[in-house]
Amino acid sequence: MRTCRRKLALALCALHLVAPAAESSRTLRIASIHEDLLPGLRVVLGEFEHKTGWRVTAQAVPYPAHEMWIRTQMLSGSPPDVLLVESADLPARYGQAGLLLRWDDVFRAPNHFDEAHRDRAWQDGFQNELIHQSRDATGALWCVPYTQYGVGFFYDRSAYDKLQLMPPRTWEGLLDNFRAVRASGRTAFVTAVRPNDHQTLWMADMLLELLLRPVAAQVNLQAREGWHYDALDPECTRGEVVTLEERLVAFDRGLIDPARAPAFRETARLVKALAAEFRPDFLSLDGDEVPRVFARGQSVHFLNGTWYLRPLAAMQHGIAEIAPERVFPWSVFPFPVLTTQSTALPLLGGINQNSGLRACFIVPLRRGDEERQQAAVELVRFLTAPAVATESFGKTEVYDLPAMPDVAPKPGAEPLVPRERYAFLTLALWRGYDARGEGDFWTLWQGFLGGAIDADRFIAQLSVIHRAALFRLSQSNAAVMDQQFLQRHLPGGFKP
Amino acid sequence: MKGDDSVVSPGRAAGFLLPALGLFAVFVVLPALSALVLAFFRTDGLAMREWVGFDNFHQLLGDALFWRSIRNLLLFALLTVPVQTLGPLIGAKLLYALRSPRAAYWYRTLLVFPVLVPGVVTILVWQELYGATGPINLVLNAAGLGEYARAWLGDPATVVPAIVAIGLPFTGGVFLLIYLAGFLSIPTSLVEAARLDGAGPLRLFVSVELPMLRTQIGVIALLSLLGVLQNFDNIQILTNGGPMNASLTPALYLFRSGFEFGQLGYASALGVVLLLLCALLTLLVRRLGRRES
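Protein chains in written order, with our numbering: chain A, 129 to 624; chain B, 979 to 1271.
These are computed hints drawn from the structure, not numbers from a lab. Just so you know, not all the hints are guaranteed correct.
[Said to hold, decoys possible] Some chain A residues judged to face chain B by a derived CB distance under 10 Å, without partners named: (1) Q224; (2) R407; (3) L411; (4) Q426; (5) D562; (6) R564; (7) I581.
Cβ atoms here follow ideal geometry from the backbone N, Cα and C, with glycine treated the same way.
Using the sequences and the hints given, assemble the complete structure.
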């Protein structure tokens, strides 16, 4: 009897172990922290199974807990085959730890799911700026862009009508409007200055990117033969990569050192001028509160991206049920342009409407299971093929713009679709180059915008933070850096 | 059994304890030990792991942010421990002094009831209170004291007192029950003898009741201190250590180092230092309590 029971138990165990294994051997798992993108993805997964024989199960990961969830999954050694995450920060962290697939080489080959562009390199199917924004500070590409956010100033149209204001086109116009709103007794602009609220950081990044353009060619020393930087040609930087070695040299030469490059001081000055119009408690506000403050009519403007079109409408719908009189019409105007009246620094082109990376795919490395790894790459190729992505985006309520120019944005997102584009290279990052540097940056940024420290001290400290972060990166990437290039351009080495 | 007074044999008792001990070992002891080991490595907790000996501890000594967090911690302790120790004591004394048992019952319920409210809810309510257009500033403006209105959590000068003030008036909660139990355990003969000797209410409180509550006061001071040392959730929700690190505590710095900056070894070293600090303070408070008694 005992033997019989034992055999039965063993058989059941074996059945339990074997059955899911057999099923999962041709099943991929994709997890997304963007719950709103999942319905669209699910629509096209059947077609992928039909084309490749790989079934795909899709799951949502709650956004607030996603960082810890991904960490746990990675450490467990059995993460999902594909993850849809947000921004290039998380991919950079896991990529530099050797846990993710690097896309640089894969990206050069055509995407065979893109039947309309069989000879085009896969990377050429993405908006050029987004590829640059998907790279980490060393120039490595750990993620594939999927959506981007268009940024603009959301504003209370009824307040504008009452004060007879027009949406501003220039930086001075923006400041004038803010002052007029303040003079009327209302709060002009609400923002938070915390790691979970990047509005002021976007502003600084957009301004810095514009003001650093004159040194682009001097920073991008390893450019391809015959490369020429033309700020008015957004495609001229396609295929170019600003590497860590180039950054070290550029920093050493003062081109991207906040203490020596005038673009940094000018960016600080411009944002600080705007800070005078911020809601006074901006240092105590949390990022989540900012849109709520605007939706309640407690501020006439806030800066944000495409993804707030839907939640803002939902918030106002909620308010309308309780107090219909508090609902107001709103609209969005693009980030204003800098003119020669705004700055004495040379201007090459205009502001790139920070169409930053939002959703992107990462694929965890699967050593010893190349077939599954390859299937995961195929899945990302499939999902970013324009025809598939068009079908997928059509089934979502997401206003974020697709990262693929061949896929049309959702109707309603027009005010946030950048009308003009300029050559984009991530020459420097306002917040620094690694997580530690970013942590220090936020403290400094709060101190500067809050008035606790002046511009001189801010710039000097920012320089220290940037140098320290670059030094840390140079130490951890010493083995993979081009030592010959460094010997030639930085013979004394990069000092901490 | 067999003449033994114990209900179960030691072997059986150990058997019953084993599952709980096993879980305790796996989920509490092992992680703590692994953190101790990690403190001697440079690691991001993902892949990189390099033995660095005491480097993390050396780095900690020269880390201005660490010392800033310690300074903030001391300020939190200085403000929190007295109010959390004395507030419930006063509440319990008032409850104990009530003559009507019915009133005592209702007040006790009223004072302990807030414990049922999740801490996060309390924190979010206070966040609203402290807002630029929150009730505190509205009252100040209405009272003609508009110049004192401010962003309470956005000003480095007020952020720590503002966080400490959450829980005002500090008279309720579990600490109140501990004190109340202490009051109830004071022999009535002692109180009556003091009264017969002519002791008034104040003298009775100072000379009889307070000495009898020494153990409770020690325990609550210790619990309050440990709470301050591990202070994390309310600060993370309210300020995330800001503005300008004015409310950064070692526990929050540990979290940020480990999970935001990817320095798990360094964070573990910070955890070890925090553990030693906790142990040291516990011993100190216990020793003081023993000497007093």
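Hints broken by the structure, by number, lowest first? The structure conflicts with no hint, since it agrees with every one listed earlier.
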